[in-house]
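Put chain S on the given structure of chain F with help from the hints.
One letter stands for each residue in the lines below.
There are 2 protein chains.
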Amino acid sequence: MKIYEFEGFPNPARVRIALAEKGLTDKVEFISVNVPEGEHQSEAFRAKNPSAAVPLLELEDGTCISECTAITEYLDHLDGNPTLTGGTPKERAVIHMMQRRAESGLLDAVGTYFHHATPGLGKEIEGYQCAEWGNHQKEVALKGMRYLDGLLADRPYLAGENFSMADITAFAGLGFAGFASIDVPEDCANLKDWQARVAARPSIAA
Amino acid sequence: MKIYEFEGFPNPARVRIALAEKGLTDKVEFISVNVPEGEHQSEAFRAKNPSAAVPLLELEDGTCISECTAITEYLDHLDGNPTLTGGTPKERAVIHMMQRRAESGLLDAVGTYFHHATPGLGKEIEGYQCAEWGNHQKEVALKGMRYLDGLLADRPYLAGENFSMADITAFAGLGFAGFASIDVPEDCANLKDWQARVAARPSIAA
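Order-wise, the sequence lines are chains F and S.
Numbered per the UniProt record's numbering, the first sequence spans residues 1 to 206.
Numbered per the UniProt record's numbering, the second sequence spans residues 1 to 206.
Check the hints yourself; a few may be wrong.
What the hints assert, rightly or not - Computed Cβ-Cβ distance ranges for the label pairs, DEER-style: (1) Arg201(F) / Asn34(S): 38 to 48 Å; (2) Lys143(S) / Leu121(F): 45 to 55 Å; (3) Ser32(F) / Lys143(S): 21 to 31 Å; (4) Thr118(F) / Ala131(S): 20 to 30 Å; (5) Leu121(F) / Pro185(S): 53 to 63 Å; (6) Ala200(F) / Thr118(S): 44 to 54 Å; (7) Asn34(S) / Asp79(F): 40 to 50 Å; (8) Phe30(F) / Ala131(S): 35 to 45 Å; (9) Ser181(F) / Asp187(S): 39 to 49 Å; (10) Ser181(F) / Asn162(S): 16 to 26 Å; (11) Asn81(F) / Gly62(S): 22 to 32 Å; (12) Asn34(F) / Glu126(S): 23 to 33 Å; (13) Arg201(F) / Thr88(S): 41 to 51 Å.
Said to hold, decoys possible - Below, simulated DSS-like cross-link-like pairs (lysine-lysine); rule was C-alpha separation at most 25 Å, straight line: (14) Lys22(F) / Lys123(F); (15) Lys143(F) / Lys192(S); (16) Lys90(F) / Lys192(S); (17) Lys48(S) / Lys48(F); (18) Lys90(F) / Lys90(S); (19) Lys143(F) / Lys48(S); (20) Lys192(F) / Lys123(F); (21) Lys90(S) / Lys22(F); (22) Lys143(S) / Lys90(F); (23) Lys22(S) / Lys90(F); (24) Lys27(S) / Lys90(F); (25) Lys123(F) / Lys143(S); (26) Lys192(F) / Lys143(F); (27) Lys2(F) / Lys90(S); (28) Lys48(F) / Lys90(S); (29) Lys48(S) / Lys2(S); (30) Lys27(F) / Lys90(S); (31) Lys123(S) / Lys143(S); (32) Lys192(S) / Lys143(S).
What the hints assert, rightly or not - Among chain F residues calculated to face chain S with C-beta under 10 Å, some are: (33) Asp26; (34) Lys27; (35) Val28; (36) Ile31; (37) Ile71.
Please keep in mind that the hints were generated in silico from the structure rather than gathered at the bench.
All residues carry an ideal CB built from backbone N, CA and C; glycine is no exception.
In isolation and in its complexed conformation, chain F is listed as follows (with noise of 0.2 Å):
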């Protein structure tokens, strides 16, 4: 398996854990694509994902994988026993739908704010910006911070007692907030013990 990406970055972030939780990381050649000079958007990169972005996932015959949930999905069923999908329909159903939130209300939405709101990786990478509309998701960042921050009230994972794929996204998810300058509120204490609790597993403090 080939996986290309851009070191440190927060989508390509959320695939290393997901490999090393599954104890694939030596199975996997990193290809470096050079986001920051433009190289996702190049044709060479968009005949691989035509969505021009990473990570992407390149299989032994040639099938290009993208979209982290995807990635995801694929790396956690190689072995027949998945531990970050879920294992009974119960429990894919509450880490897909935890997942979606902690997408669309952290990581995309402090994705949209650093690509539009701020020069995020520069004039000529970004091309369009809306500030307004990248300026309303920081309010959505913040929005689904507190969110996250009550779940966790009552359980150690986002989707329940155990580490999931929900709990990568939100962990890339603040980390690109911390990149991006969006402060966790004060008083979500809860969220920020469950980011030092991540932070610490064997996969992420690698």
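Okay, now just chain S, sitting in the frame of chain F:
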């Protein structure tokens, strides 16, 4: 199972199609939430779904599942024989990838256009609107249609040989586009053929 929804709306349509494909429609009690009147934003409904959106699946034990992908995952795995979300790791990956592309590149883009750049459901329901972003998303939706049209040049369904969750999402997206007066470009013949074929499926024609 109970499904809270508003019949005819695009996201509830996704779940109705999934139910019909799985032969589960008769097992569900449908509860209408009057979205045009703002009932989805009421405190009572938010207690079930903090995202204030339909559809919502309520299980016998009271667990509430929102987000169409999560609901579809649940329904598809109930009989231990997933047909809409893929059986092998690779099938799962391709379907989830295409589902997300159909969602962000078409259905959600049309929704953002409708809710932000048109009167949508009316001032009182919509609250904040950002017309500039809404109009930009109309262009995203048209680009999404052309992308899907290109894919369908060499395969019968979006994720390959079989009808899947990705087709359900895109079909709902095209329906919403029609409602919002975003016409499929004249030259997208593959997409129009696919739309007619999907519309003729027993799960939808019923």
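- Ascending list of hint numbers which this structure does not respect: Of the numbered hints given earlier, those the structure breaks are 2, 5, 10, 12, 13, 14, 15, 16, 17, 20, 22, 31, 33, 34, 35, 36, listed in rising order.
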